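Using the sequences and the hints, build the whole thing.
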Amino acid sequence: MGEVITFWVPWTLIMLALAVLFWPGRGLFWRQRRSKEERERIQVEDALKYLYFCEREQRRPTVAGIAGRMQVSENRAAHISQELQEMGFAVMQGDVIKLTGDGRAYALHIVRAHRLWERHLADETGYAEREWHARAEQAEHSLTPEEADALAARLRNPLRDPHGDPIPTATGEMVNEHGQLVTALEPGRSGRILHLEDEPEGLYAQLVAEGFYPGMIIEMVDQSSDRVRVWADGNEVVLAPLTASLISVQPMSMREELIVEGAETLADLEPPEMGRIISLSPRCRGVERRRFLDLGFVPGTEIAAEMISPGGEPTAYRVRDTLIALRKNQAGMILVERVEG
Amino acid sequence: MTTATISQGNLTPQDVLEQAASLRLRVGDFHEKLVESNYAEAADIADSVVTRPERPAHGLSLDQRIDRLVTSRLWGFPLMILLFAIVFWITISGANIPSSMLMNVLIGRIYPLLHVGADAIHLPWWLSGLLIDGMYLATAWVISVMLPPMAIFFPLFTLLEDFGYLPRVAFNLDNVFRKSGAHGKQALSMMMGFGCNAAAMVSTRVIDSPRERLIAMITNNFALCNGRWPTQILIATLFIGSLVPAYLAGIVSALAVVGIAMLGVLLTFAVSWALSRTLLQGEVSTFSLELPPYRPPRVWQTIYTSIIDRTLFVLWRAVVFALPAGAVIWLVSNIQIGGESIAAYFINWLNPLGLLIGLNGVILLAYVVAIPANEIVIPTILMLTVLTTGISGMGAGAGVMFEANSPAGAMAIFQAGGWTLLTGVNLMLFSLIHNPCSTTIYTMYTESGSRKWTAVAALLPLAMGFVVTFMVAQAWRLGAMIFG
Chain V
9 MGEVITFWVP WTLIMLALAV LFWPGRGLFW RQRRSKEERE RIQVEDALKY
59 LYFCEREQRR PTVAGIAGRM QVSENRAAHI SQELQEMGFA VMQGDVIKLT
109 GDGRAYALHI VRAHRLWERH LADETGYAER EWHARAEQAE HSLTPEEADA
159 LAARLRNPLR DPHGDPIPTA TGEMVNEHGQ LVTALEPGRS GRILHLEDEP
209 EGLYAQLVAE GFYPGMIIEM VDQSSDRVRV WADGNEVVLA PLTASLISVQ
259 PMSMREELIV EGAETLADLE PPEMGRIISL SPRCRGVERR RFLDLGFVPG
309 TEIAAEMISP GGEPTAYRVR DTLIALRKNQ AGMILVERVE G
Chain B
-8 MTTATISQGN LTPQDVLEQA ASLRLRVGDF HEKLVESNYA EAADIADSVV
42 TRPERPAHGL SLDQRIDRLV TSRLWGFPLM ILLFAIVFWI TISGANIPSS
92 MLMNVLIGRI YPLLHVGADA IHLPWWLSGL LIDGMYLATA WVISVMLPPM
142 AIFFPLFTLL EDFGYLPRVA FNLDNVFRKS GAHGKQALSM MMGFGCNAAA
192 MVSTRVIDSP RERLIAMITN NFALCNGRWP TQILIATLFI GSLVPAYLAG
242 IVSALAVVGI AMLGVLLTFA VSWALSRTLL QGEVSTFSLE LPPYRPPRVW
292 QTIYTSIIDR TLFVLWRAVV FALPAGAVIW LVSNIQIGGE SIAAYFINWL
342 NPLGLLIGLN GVILLAYVVA IPANEIVIPT ILMLTVLTTG ISGMGAGAGV
392 MFEANSPAGA MAIFQAGGWT LLTGVNLMLF SLIHNPCSTT IYTMYTESGS
442 RKWTAVAALL PLAMGFVVTF MVAQAWRLGA MIFG
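Each protein sequence line maps, in turn, to chains V and B. Counting in our numbering, the first sequence runs from 9 upward without gaps. Counting in our numbering, the second sequence runs from -8 upward without gaps.
Source of the hints: derived by calculation from the structure; they are not laboratory data. Note that the structure is a prediction, hence the values are computed from the model and not measured. Beta carbons: idealized from backbone N, C-alpha and C, even for Gly. Any given hint could turn out to be false.
[Said to hold, decoys possible] Below, a sample of chain V positions facing chain B; criterion: calculated Cβ distance under 7 Å: (1) Ala130; (2) Thr133; (3) Tyr135; (4) Leu301; (5) Gly320; (6) Pro322; (7) Ile332; (8) Ala333; (9) Arg335.
[Unchecked claim] FRET-style restraints, in silico, Cβ to Cβ: (10) B:Arg268 x V:Asp302: 23 to 33 Å; (11) V:Glu181 x B:Gly440: 32 to 42 Å; (12) V:Gly308 x B:Arg15: 26 to 36 Å; (13) V:Glu244 x B:Leu73: 45 to 55 Å; (14) V:Gly102 x B:Asn29: 50 to 60 Å.
Spelled out as C-alpha cells, the structure:
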C-alpha cells in the first residue's frame, strides 16, 4: 500500500494534469492560444450580422447599437467597428455605420450558414428544437462558403429554415415574406404560422414549450392590451402581447379554415375509436416523416386505436391491416378527424 | 428577384438556370407535397387492386384476443416474467449435462490423448505445451462451456420471436426505455445479452433508429452474459454464502448473484439515460414498433437457423479469438526472463493498481489475457495464482488452465493468493462492469461500422469498472479503519 500512495498516485495525477494542459490540439494551453483570435473573428462576424439585419429592417445601426446587441462595452464595440472599417466591410457616415458591398456579402454568408445549419439540425440530427439556434450560432462561424454550398445541395436547396425564415441562396436571393403579425388577425379568423422570431430566446422558448411551430394553424379568439387568446391544435393558449408579437402568420381563406375545423391528433383517439388522417404536422420532418409515410400514415387513410401498453405508452394503431405502435409525442404529430366505427 | 430575359437567339444554359432559380423562389417548397401525393397515389392503386378478407363484423379475431391478454395491465407483466423464467430455467438446467459431457470428452479424454500422441512423435516440450496446453485447452474450454447454453437459449428465444411474442414485450416495456432515452426493442437485445453479448449486438438490428441502436449496443455489456454467471455463482458461494449459517448460504449467495444482475439492469438504464443526453444527443432518433400478426412457430426451421446463424456464428468467432489467447496464456506463464516468468513480471507490475481497486495483479492479468471469453477468466486466475504463489500439489503446471475439484479447493487457492471478502465482492462487480469480450467488441465493430462507438462500448464500462471498484475499496478500507 505504501508504494501505491507514494509512487502510483502522484505519478498518475501528474500525467493526467499534463494531458489536460498539453493534449495536442485540445489541451487548455492550445485552446487558450487559439481562442483569442477566434473570439475576435466571431465578434466581427456577429457585428456584420447585426448591421445586415438593421439594413433589412431599415433601422439605423450605431456603435451603441452594436454594444447593446452583442452585450459588450461601448469601447469594445468601437474597436469592432474600427476593425470592420479597416477590413473594408463597413464605412462610417456620421454616427451611423453602413455596410459595404463586401460586408453585405459576408454578412449574407453568415446568415445563410446559420439557417442552413438549423435546417440540417432539424432534418438530419436528433437535437431538440430548443438547441438549434445556439448550435447554429456556433456553426455559422466555422462553415466556409464552399461547405455551405455543399450543405445546401445535400439538403436539396431548402428555401426556409425550420423557424420559417428564408434562406438566402449563394447569390443572396430569398423568398419574399408576406406574413402579418398574429395580433392583426380578426377574432374568429385563422392563420398559418409563417415564422416564429427566435429572439429574445426566453420568449421563443416559451412559444416552443406551448407547442407553436411554423406551419401550425391558429385561430384568434380575442385580445386585449394585456393578453392575447388563441386556439392552437385544439387548445386555448393565452399569451402576453409581447410574446404573441414574435408570431407572424399567413391569414387563411374561409375554405381552408373549414378543413381545419375540429382537427384532432391521433393522440386524442382512445381504443377503440377510429379516425381518418388529415395531414402530418410540419413539425414532423426528415427521417421521421419519411418513416410515417413508409408505414402508411398517408393523408386520407383510416386508422383505429387498438390498444394501450400497460406502461401507459405507446399505443398501437391499426393502419391498413397492420398494427403499429407510436409514442404519444409522435401520435400528436398526426392530425385526424374522427370517424364512427 | 431577377428575371432572365429569354430571347430565342442567345439563350445560354446559364439563363435557363437563373430563370429556373427565380421561378423556384416564387413557387416555394413543393417537395414534401410531391412525396406525399406519391404515397397517396400508391395507396389508392393498392386499394383498387388488392382484395382483403372481410374482417369479422363483431367480436375480436384470435390475434386481437391474444394481444388483449399479453398486453393487459393485469396479465402482461406476470406472463412476461413467467415466460422468461422458463426460458432461463430450461437453459441453465438443460446445459449442465451436455456441458460436462463435452468437458469429459474434450478435456478428460482427447486432451491426454493429444499429449500421448505428442510424446510418441517426440514433439519438443515447448511446442506440445504451446499447441496442446495453450491453444487446444483454451479452445476446448470455451467450446464446452459456451456451446450447450447457447444451443438451447437461442432456439428458444427465436421461437418466441417467430411466434410474434417478442414485439409485444417491447410494446409492454417501451415506456421504461423511453424514459431513459432508449427504444422498447432494447428489452429484446438486453434479454439476448443475458445469453450472449456478441449475439445481442447482432440482434440490435431490429432497432431501426440510429441513436437508440447505438445506445442498445453500448449498454448491452451490462446484461450479465452466460460466460459470467459461473464466475458470479462461484465467487458468491465462496465469499458471500460463507458469511451466513450453512442453511442460509444457498439462498444468500443466489440473492447476491441476482443482485449483481439487477445492478446490471439498473446500469443499463442509467447509462442509456446519460448517453442519450450527452454523447449521442445529436444522433437521429425515431420510433416505430410494428406488431406483426401471430403465427405458429416453424420449429425445425427456427432451430436450424438459430443454430447456424447465432450459435455457430458466435462460437466460431470465440474460437478464432481463443486460439491466440490460449497461446498467449501459455507463453506468458512459461517464458522466463531472469528466473521469473513474464506473467510474474506483469502481475508484479499490475499489483499496485489491482490492490488499489480491491483486486490484485493476477485478476487484472487474467482479464487482459482472457479477453476472448469470460468463461476462461476463473481457470486462468486459478492457474496464475498457483504459478505465482508456488503452492505445491495444486494445478496442472505453468500455463495449463484448470478448474478446482471442488469449491473448497478453489477457496484454498484464493486464500493462498491473499484474497479477502473485499476481493470477492470487487471481482463480482468487476466481472459485471468491465470491457466486453473480444468477440463482442469485434461484432460491435462489424455491426456499427464505427471505430469510435466501438471504442466507447469497450472503454466506457472498463473505466466505470475501475471507478466503481476503486470507490468500493476505499469505502471498505475507510470502514475498516473506523469500525475495525
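Quiz item: Does the structure break any of the earlier hints, and which numbers would those be?
Solution: 1
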